[in-house]
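**Student:** Residue strings, one per chain:
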Amino acid sequence: MARYLRRTIAQIAFVIIGIAIINFFLLRLAPGDAAQVMAGEAGSATPEYMAALRKQFGLDQPLYVQFFSYLKNVLTLNLGYSFRQGMPVSDLILQRLPATLLLMGTSIAFAVSIGGMLGLLAARQAGKLADTLISALALLFYATPVFWIGVMLVVVFSVLLDWLPVGGMASVEAGLTGLAYAADVGRHLILPATTLGLFYLAIYTRLMRASMLEVYGQDFVRTARAKGVRPRRIAVRHVLRNALLPIVTTLGVQLGSILGGAILVETVFAWPGLGRLAFEALFQRDLNLLLGILFCSSVVVVLVNLAVDLAYTALDPRIELS
Amino acid sequence: MTVFEISAPAAPAPRARDGLLLRLLRQPSAAVGLTLLVLIIAMAASANLVFPDDPLDMVTQPFLWPGEDAAYPLGTDMLGRDIASGIFHGARVSLLIGAVATLVSLVIGVGTGALSGYYGGRLDAVLMRVTELFQTIPPFLFALAIVAILQPSIPTITVAIGITAWPSLARLVRAEVLKLRHGELVQASIALGASDLRIIVLHILPNTLAPVIVSASILVASAILTESSLAFLGLGDPNVVSWGGMVGAGREVLRTDWYVATIPGLAIVTAVLALNLLGDGLNDALNPKEAAR
Amino acid sequence: MGFRGRWGTRAVLALTMSALAGSAWAEQAGGASPAAQQEPRRGGTLTAIIQPEPVILTAAINTAAPTGVVTGSIFDGLVDYDANLNPVPALAESWETSADGKTLTLHLRKGVKWHDGKPFTSADVKWTLEQVWKKIHPRNQATFAKVTSVDTPDDTTVVLNLSEPSVAILSSLNSNGAQVLPKHLYEGTDILNNPHNNKPVGTGPFVFKEWSRGNYIVLERNPDYWAKGKPYLDRIVYRVIPDAAARSAALEKGEVQYAVLSPVPLKDAERLAKLPNLRVTTQGYEWLSPWLFADFNVERPQLKDPKVRQALAQAIDRNTISKVVWFGFAKPADSPIPSTLTAFHDTSGITYPFDPKKAEALLDEAGYKRGADGVRFTLDIDYIPYGDDFKRTAEYLKQALKRIGVDANVRSQDTAAYTKRIYGDRDFDIAITWFAAFSDPQVGVNRAYGSGPIGKNIPWTNGSGYRNPQVDALIAATQGEADPKKRIQLFKDLQKVVLTDLPTLPLVELKFFTVEAANLKHPQPTGDQVYGSFRDFWFDDAKAADAKPADTKSN
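Residue numbers (the numbering used here), protein chains in the order written: chain A, 1 to 322; chain B, 323 to 615; chain C, 616 to 1170.
Be aware that a few hints might be false.
[What the hints assert, rightly or not] Simulated coverage check for chain C against chain B, where a stretch passes if three residues somewhere in it have a Cβ under 8 Å from a Cβ of chain B:
| id | region |
| --- | --- |
| 1 | 669-683 |
| 2 | 1054-1062 |
| 3 | 1094-1106 |
[As the list claims (entries may be wrong)] Computed cross-link-like contacts, SDA-like style, restricted to lysine to any residue with a CA-CA straight-line distance of at most 20 Å:
| id | chain 1 | residue 1 | chain 2 | residue 2 |
| --- | --- | --- | --- | --- |
| 4 | C | K749 | A | S90 |
| 5 | C | K814 | A | S90 |
| 6 | C | K798 | C | N812 |
| 7 | C | K750 | A | T46 |
| 8 | C | K717 | C | N812 |
| 9 | C | K1071 | A | R54 |
| 10 | C | K761 | A | P47 |
| 11 | C | K750 | A | W163 |
| 12 | C | K868 | A | R54 |
| 13 | C | K814 | A | M87 |
| 14 | C | K868 | A | M152 |
| 15 | A | K55 | C | G1039 |
| 16 | C | K1017 | B | D446 |
| 17 | C | K749 | A | I17 |
| 18 | C | K1017 | B | V381 |
It should be emphasised that the hints constitute simulated quantities derived from the structure, not laboratory data.
Fair warning: this is a prediction, and the values are worked out from it, not measured in the lab.
Backbone N, C-alpha and C define an ideal beta-carbon position, used for all residues, glycine too.
Produce the complete structure using the sequences and hints provided.
**Tutor:** In structure tokens form, the structure reads like this:
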């Protein structure tokens, strides 16, 4: 266990330095800098204005000085300051983090629970009509571009039926608090979470179906069946438990991908999350901010994978961490 | 955004009596997938014959709805460009992006996986750390960054998708190679003094082919989807028609002239569906043990 | 969306005039005047869209549009501009220019207070002019260049002493052109990093309350506003909505009641204008007078020859650009000074009508005959990535040039890459972008032709690389000329030269539009309403019942 933790910490350190290097030099390759972006947005500029901005951002320093101060910051876990936004990067991220976690958490819960259930159903009906229908439906959701589903859900459920709000995270105007506020956020969450969840639904449906079928074929299930255990009990007690392993693994691996997909959903639904913030930081050449977000998302991915490994040991006592 | 982690067939594909194609066609879903894919490829191949003119030409009045004018069966977009022509020519570009991006992923992924699995030790450790690093960066965000920095064009979009999609492939190949590495065939070859390269190329990679082919079909699909997502965010190549680019352009008129984005959107759905069905079919055909269940 | 940029994603115009004639336009004309007779109602929350999100909330140091829009209600201008772009009193009640044009005196309103309760005085104006406008402000360093000193004989009088007459100053004194900052909060601080840049303290009708990044900005009614009884609204909520389709849906549903700078796709504007609960108007942008143009890189061998540039101009149908590419939300431009600046606008008869045959003949004459493959030469077209309309403009140019045998390749890139390429590296052939001409061409048009900033990586300056001593002299003369008639003649001479040499091809005059709820009442929009305040806005609730769905009941 100690060795496992040491390895995990080394892995996090490697990821942090790796991301710092990739991010720093990748963004250096980009034509134009943050001062250029701001002068561009201002609609007009003078050499003095540009020089003042560059000095403010520290862009007038030699490249190696910039890189080392950057690396030093990263290693001391100081995420730095976003000059463009006029705020410390950590503040910006903390502001957006709850929205991101809420959206991702709900989408994943939706995808895993509904997807898992559909997969279960399909596996038990393997080869029958229900199986084909479920598989086809899941595939269809997967094959349809995420943003397209998002826009269509808005048109149907917000504009035509007027059941749900168009976008945003809460009705700011209403000034709600407490439970009413939570309910309001919940209403705003339904469409974006469904949109993001539908895309990943397919994966969990298929995964669940495949691993259920695989476990069904294994000896201990056959034994149970031979002993006359009822099918429902077999499905739940013996098969489901084992079939969950690959789902949990995939979840860990996909976290990064879900954050990427969130950019599209956050765009369509004006959801104030980290994906959108990262996207904008990229175009604004806001180096510190982009690094900070990548850094945080990597740490989350590594930590979740750590949790996945721990969950493994809980789900399958035969697995040991080494 | 590679989403499907492909589970490797449990064992190397046993030799079956029938040809692969026949086994494929015997499964209804794979047959459908293959047929659709062949149709799309036929569209791509015949684009220059059926629509000899530049699909970017503004040929007639804008916003002709499908069916409104027989000369333009799928209508025209906001600049009066023929959508049918765009779909045919776009098939080429979209398939090309999918195929080349997948090729890039295959080269990096299979290379990394094979080296890592075959040599093990320190090299394995380093390569796997790098793979993990790439896996922790949200792939779509990474692709976006590359395209934004190198500026959107078909080559940069293709490379960006390829560069961000390989880690799962590397892991898959590594796992396969690890299994084979200690198998009799490889051990025998080492005893006979065959070079490492020869062993990897002749004895190991061919045996990992089944899961890799399945992965590849799905990577192509996911590359086509990713291209459309990039276009939605405004990162497309304006000099060529691609389905993703058409959807991206049509998104502004989605509420008024929805067909402009929907028709190429359906083309994407069809292609992605076909490739996934084919991937499933291949998986089963190359791995009859699972298919039997 | 970063890639979309400054004014947001959308684009503008799709209303053909006939479509407009139907509902919204008619209503808009009628909407304003009966409102004027009705008694304004107090109360209500106005939800507006701000997109993209502002960088900071102080227009004195960042002149980007979103900052200007939000701060328009927080900071009053020294003056406002009416629909004909004449200054009208705001913080300055009156002003006069001395006979020699070298002194401008502003008489400030008495009893105005900053939002923190401190009095607003001439010292604030003097300090901001000297420390911010002349040193940091991106545009005003040039506009106020002729100011040698500022006197403040008393708390409400500001005297600007000029080295030469400077007519342009009076056209740049609104909240966006010259925002006055509170001296007591800024003096002695690092102005660019002052925390109040993001928590502004102004004198305007609404007080900054809260900014949730990527989400919303809230302003509340200023109870101590100098105009008694105003503002009428209790609260303003600006929501950040990055996607154009979502903006459209939010307006359609009534969740949002006001959005400026062409917030929805041009084609959607046409649809929204027909809805009973919405109005679409192109008023309020007169002060901006935006024009879209193509810069030819005159340092490139093929584009060196004015004849080639004139040929390319004749290959482009500006009618198609305004009707098809910009869905009617544009008007063909024939001069760099937009026709909205009626006094200055004059082509001297130098026009380039659409005539591909003539274009081909000119190219033949210039020595660029069609090759065996039908191609004369190839070039690249870059466009400013502010939305699909700009991209479509580039795509149209590509196809138009193809017809006369010029093979063009469209390149897309983000804003930072674009400005560096055009204004820094100068690595381009044709670049499409837009400028605001503003109400005086000295502020917005001269910058496209002066040779000073060429290649110095200063965005929104001379992109073509055109150097002409005669033009530089004309530009210098317009800045110091006090006699309006002579000054107008100088601008006419300038247009004549640059239209003949054609380093920059004016394409269309853009018409931005505002979408607003039908029950939102206000007087005739000012010429700078886009950067103006909500001081005179109010909700007609009688109409609200049917115009706005239950969702906004919180109002």
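**Student:** Please go over all the hints and tell whether each is borne out by the structure.
**Tutor:** Do the hints match the structure? See the list:
1. Counting residues of the region 669-683 of chain C whose beta-carbon sits less than 8 Å from any beta-carbon of chain B gives 0, not enough to reach three: the coverage restraint is violated.
2. Counting residues of the region 1054-1062 of chain C whose C-beta sits closer than 8 Å to any C-beta of chain B gives 0, which falls short of three, so the coverage hint is violated.
3. Residues of the region 1094-1106 of chain C with a Cβ under 8 Å from some Cβ of chain B number 0, which does not satisfy the need for three, so the listed coverage is violated.
4. Under the criterion of a C-alpha separation no larger than 20 Å, the hint pairing K749 of chain C with S90 of chain A is inconsistent with the structure, at around 34 Å.
5. For a cut-off of 20 Å, the pair hint linking K814 of chain C to S90 of chain A stands: about 19 Å separates their Cα positions.
6. Between K798 of chain C and N812 of chain C the alpha-carbon distance is near 13 Å, which keeps this suggested pair within the 20 Å criterion.
7. Between K750 of chain C and T46 of chain A the alpha-carbon distance is near 10 Å, which keeps this suggested pair within the 20 Å criterion.
8. A threshold of 20 Å between alpha carbons decides the hint, and for K717 of chain C with N812 of chain C the separation of about 33 Å lies outside it, so the pair is violated.
9. A hinted pair counts as satisfied when its Cα atoms are at most 20 Å apart, and K1071 of chain C with R54 of chain A qualifies at roughly 15 Å.
10. For the hint linking K761 of chain C to P47 of chain A, the alpha-carbon distance of about 18 Å falls within 20 Å, and the restraint holds.
11. Distance check on the hinted pair: K750 of chain C and W163 of chain A sit about 52 Å apart at the alpha-carbon level, beyond 20 Å; violated.
12. Annotation: proposed proximity of K868 of chain C to R54 of chain A is violated, straight-line Cα distance about 43 Å (limit 20 Å).
13. The hinted pair formed by K814 of chain C and M87 of chain A meets the criterion: a straight-line CA distance of about 12 Å does not exceed 20 Å.
14. For a cut-off of 20 Å, the pair hint linking K868 of chain C to M152 of chain A stands: about 15 Å separates their Cα positions.
15. As the CA atoms of K55 of chain A and G1039 of chain C are separated by approximately 18 Å, the hinted pair is consistent with the 20 Å bound.
16. Only pairs whose Cα atoms come within 20 Å are accepted, and K1017 of chain C paired with D446 of chain B is rejected, the gap being roughly 54 Å.
17. For the proposed pair K749 of chain C and I17 of chain A, the alpha carbon gap of about 43 Å is over 20 Å, so the pair is violated.
18. Our distance criterion of 20 Å between C-alpha atoms is met by K1017 of chain C and V381 of chain B, whose separation comes to about 13 Å.
Going down the numbered hints, you'll see the structure goes against 1, 2, 3, 4, 8, 11, 12, 16, 17, while the others check out.
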